[in-house]
Amino acid sequence: MAVKYIRVNGKMISARAGETILDAAKDANIHIPRLCHLEGVSDVAACRLCLVELETDRGSRLVPACATPVEEGMTVNTHNEKINEYRRMIIELLFAEGNHVCAVCVVNGNCELQDLAIEVGMDHSRFEYRFPVREVDLTHQIFGKDQGRCIFCTRCVRVCDEIEGAHVWDVAGRGHNLQIVSGLKQPWGNVDACTKCGKCVESCPTGSLFFKGSAVSEMQRDSGKLEFLVQARDKHEWTR
Amino acid sequence: MSENKGKTIVIDPVTRIEGHAKISIFLDENNEVSDARFHVVEFRGFEKFCEGRPMYEMAGITSRICGICPVSHLLASAKTGDKILAVQPPPVAVKLRRMMNLAQITQSHALSFFHLSSPDWLLGWDSDPATRNVFGLMAADPDLARTGIRLRQFGQQILEVLGARKIHSAWAVPGGVRSPLTIEGRDWIKSRLPESKEAINLALKLFKGLLLKLSREIETFGQFPSLFMGLVGENGEWEHYDGHIRFVDSNGKIIADNLKEDNYRDYIGEAVEPWTYLKFPYYKPLGYPDGIYRVGPLARLNICSSMGSPAADRELREFRYLAGGVATSSFFYHYARLIEILAAIEHIEAMIDEPELITGETRAIAGINQLEGIGVSEAPRGTLFHHYQVDKDGLIKKVNLIVATGNNNLAMNKTVAQIAKSYIKGPEIPEGLLNRVEAGIRCYDPCLSCSTHAAGQMPLQLQLFAPDGTLLDEKRR
Numbered sequence: 001m002a003v004k005y006i007r008v009n010g011k012m013i014s015a016r017a018g019e020t021i022l023d024a025a026k027d028a029n030i031h032i033p034r035l036c037h038l039e040g041v042s043d044v045a046a047c048r049l050c051l052v053e054l055e056t057d058r059g060s061r062l063v064p065a066c067a068t069p070v071e072e073g074m075t076v077n078t079h080n081e082k083i084n085e086y087r088r089m090i091i092e093l094l095f096a097e098g099n100h101v102c103a104v105c106v107v108n109g110n111c112e113l114q115d116l117a118i119e120v121g122m123d124h125s126r127f128e129y130r131f132p133v134r135e136v137d138l139t140h141q142i143f144g145k146d147q148g149r150c151i152f153c154t155r156c157v158r159v160c161d162e163i164e165g166a167h168v169w170d171v172a173g174r175g176h177n178l179q180i181v182s183g184l185k186q187p188w189g190n191v192d193a194c195t196k197c198g199k200c201v202e203s204c205p206t207g208s209l210f211f212k213g214s215a216v217s218e219m220q221r222d223s224g225k226l227e228f229l230v231q232a233r234d235k236h237e238w239t240r
Numbered sequence: 001m002s003e004n005k006g007k008t009i010v011i012d013p014v015t016r017i018e019g020h021a022k023i024s025i026f027l028d029e030n031n032e033v034s035d036a037r038f039h040v041v042e043f044r045g046f047e048k049f050c051e052g053r054p055m056y057e058m059a060g061i062t063s064r065i066c067g068i069c070p071v072s073h074l075l076a077s078a079k080t081g082d083k084i085l086a087v088q089p090p091p092v093a094v095k096l097r098r099m100m101n102l103a104q105i106t107q108s109h110a111l112s113f114f115h116l117s118s119p120d121w122l123l124g125w126d127s128d129p130a131t132r133n134v135f136g137l138m139a140a141d142p143d144l145a146r147t148g149i150r151l152r153q154f155g156q157q158i159l160e161v162l163g164a165r166k167i168h169s170a171w172a173v174p175g176g177v178r179s180p181l182t183i184e185g186r187d188w189i190k191s192r193l194p195e196s197k198e199a200i201n202l203a204l205k206l207f208k209g210l211l212l213k214l215s216r217e218i219e220t221f222g223q224f225p226s227l228f229m230g231l232v233g234e235n236g237e238w239e240h241y242d243g244h245i246r247f248v249d250s251n252g253k254i255i256a257d258n259l260k261e262d263n264y265r266d267y268i269g270e271a272v273e274p275w276t277y278l279k280f281p282y283y284k285p286l287g288y289p290d291g292i293y294r295v296g297p298l299a300r301l302n303i304c305s306s307m308g309s310p311a312a313d314r315e316l317r318e319f320r321y322l323a324g325g326v327a328t329s330s331f332f333y334h335y336a337r338l339i340e341i342l343a344a345i346e347h348i349e350a351m352i353d354e355p356e357l358i359t360g361e362t363r364a365i366a367g368i369n370q371l372e373g374i375g376v377s378e379a380p381r382g383t384l385f386h387h388y389q390v391d392k393d394g395l396i397k398k399v400n401l402i403v404a405t406g407n408n409n410l411a412m413n414k415t416v417a418q419i420a421k422s423y424i425k426g427p428e429i430p431e432g433l434l435n436r437v438e439a440g441i442r443c444y445d446p447c448l449s450c451s452t453h454a455a456g457q458m459p460l461q462l463q464l465f466a467p468d469g470t471l472l473d474e475k476r477r
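The listed protein sequences derive, respectively, from chains A and B.
In this text, residue positions in the first sequence follow the numbering used here: the first is 1, and each later residue adds one.
In this text, residue positions in the second sequence follow the numbering used here: the first is 1, and each later residue adds one.
Honestly, the hints are just simulated from the structure, not real lab data.
Keep in mind that a hint or two might mislead.
[What the hints assert, rightly or not] Lysine-lysine pairs mimicking DSS-like chemistry, simulated, CA-CA at most 30 Å apart: (1) B/48 x A/185; (2) B/83 x A/212; (3) A/212 x B/392; (4) B/397 x A/185; (5) A/212 x B/398; (6) B/279 x A/196; (7) B/421 x B/279; (8) B/279 x A/212.
On a predicted model such as this, the values are computed, not experimentally measured, just so you know.
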């Protein structure tokens with residue numbers, strides 16, 4: 001496989017042809033924040049947190065690292081004042097858009113959104129909270145869904161479709177009416193296609209999908225499980 | 001002033017309590033006190049915004065009602081959850097929950113006694129308000145202040161040992177608790193028991209020595225007949241977590257016993273008044289407002305047959321002797337708090353070496369088996385009810401909380417009126433009145449954050465109003 005050389009934050013790194021900036025940076029131990037990206041499933045560049053600055057002859061522009069393949073001689077900045085500000089704004093908008101009350105959330109202390117809020121230095125939101133009325137679905141035998149905590153990363157949609165092959169989840173509606181629905185908008189517990197595998201729950205970066213019966217701060221996720229499953233599928237490595 | 005037919009004194013806000021409140025004192029044409037009202041001016045709406053949440057989250061959500069007694073809500077909510085799951089938590093879980101409640105009683109009572117109330121009688125009712133607080137106490141008697149602070153720390157640290165954090169732990173869950181006691185935690189608790197017992201005995205000796213000097217306060221700070229309500233054990237002994245509900249009158253006569261929380265609506269009514277957000281619970285058979293009852297440490301000591309531990313039982317006997325039987329003055333709340341701290345420490349000592357607290361099963365797992373549950377426990381300030389209705393999946397449909405401070409609402413209003421009538425004799429506002437009226441409220445250690453299901457701190461404001469609403473005079477601290 002051809003090797004490409006790119007410059008990230010002034011440091012020359014190598015990458016495989018076809019690899020994204022995000023993957024190349026990860027291999028070089030360069031951290032780029034992200035929320036919708038999940039190892040083993042396709043990228044949709046929905047959250048825009050992995051925006052990096054690409055320097056070109058015509059000036060710099062922002063591109064999502066998860067969906068931009070490396071090209072020979074690329075110059076990329078993963079962190080600067082402008083990018084940091086954009087990331088913080090994105091996190092603030094996510095908090096303002098949904099109902100994210102960490103203090104009483106099942107994943108408090110174990111939440112990717114919360115971790116990123118800390119990472120980007122969010123101490124308040126400059127945007128007014130919307131407090132949307134969004135329902136909780138507890139119809140499933142073992143899992144629950146709180147639409148108020150959803151950030152529409154669509155990890156659950158992709159994991160269920162691309163790894164489990166059940167395609168329980170979809171995105172419905174537009175704008176502020178956007179929602180993640182199961183079984184073409186059926187209560188989750190009524191969806192026969194659900195295999196109860198729990199991959200969607202393991203993939204959720206917030207407390208939107210949770211194990212039923214979880215109390216505040218109690219949810220723990222097996223963050224390596226999905227990566228292991230993908231590895232098992234692709235490389236036939238059945239143990240971890 | 002003489003032209004006015006009457007006026008109103010408003011103390012707003014009331015200080016050294018937990019929450020926001022103001023007091024209005026109404027004067028008649030002769031400048032005699034005609035009435036007094038204790039207004040709770042904060043509103044939170046927990047009962048409403050919990051609707052639609054999973055029942056399993058309720059313990060964590062309702063513990064956020066208060067930063068002083070989150071454990072009380074945590075336990076009452078977990079017990080309500082037990083009912084909805086229709087499970088009996090493992091015995092170890094029950095013991096650990098009991099230990100947490102004992103620690104909560106210790107830390108909350110120590111806060112009330114040392115930090116909030118003791119400056120009044122140790123530094124003087126009329127001393128400078130700027131130093132009439134725990135910092136003034138530290139300057140005047142650093143050893144005593146340190147004793148109080150460390151006693152509270154003892155309780156707080158146990159909460160952390162058990163629930164991983166001092167406030168707002170979500171350790172108790174429907175069906176039990178999340179984790180057992182650790183060996184390190186047990187050893188720490190044991191190491192601090194002797195010092196804590198010594199501290200509470202010192203406080204008891206000090207307070208009993210002050211009682212003679214405080215005879216006027218005893219006579220005027222809520223000295224009236226009322227019912228007393230609380231939990232008692234199977235044999236009538238002091239209880240804080242389980243047991244059954246008992247009502248006792250001012251003569252010590254049991255007027256209702258073996259009541260279960262499940263039908264609390266049969267014997268507790270809730271009245272509302274347009275001038276306060278705090279509801280007025282009353283004993284239904286006697287109607288409103290005749291069904292006035294008191295809860296909390298004073299009530300618990302008045303209704304129980306014994307404290308269930310040797311030193312606390314000796315103190316209970318002396319308490320009853322000094323109070324002349326049933327203690328009907330709310331000033332004795334302070335005294336009762338100290339005895340409860342002693343009992344709590346003794347009860348913790350009695351259970352701390354049980355090995356299963358470290359090794360036993362702590363949680364029963366179940367689904368939704370009942371659509372309604374009512375849980376009760378004794379918060380430091382009194383009896384606390386949580387009542388939930390859920391759908392078949394466990395989503396909350398309705399919540400009703402009857403909180404300790406609410407139970408004492410009628411009594412607090414009566415206490416304010418009694419103090420005002422005792423100290424206001426004419427058109428002038430006596431120096432020190434403000435503090436005494438506030439101190440009358442402080443006897444109950446009210447937690448308004450809980451009772452209206454908010455937190456804050458308050459300066460003091462007093463306003464005089466004519467009957468037509470005209471502001472006649474105003475004083476601010």
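Each hint, compared with the structure:
no., hint, in the structure
1, B/48 x A/185, "27 Å, holds"
2, B/83 x A/212, "18 Å, holds"
3, A/212 x B/392, "13 Å, holds"
4, B/397 x A/185, "23 Å, holds"
5, A/212 x B/398, "20 Å, holds"
6, B/279 x A/196, "46 Å, violated"
7, B/421 x B/279, "24 Å, holds"
8, B/279 x A/212, "35 Å, violated"
Violated hints, listed in ascending order, are 6, 8; each of the other numbered hints is respected by the structure.
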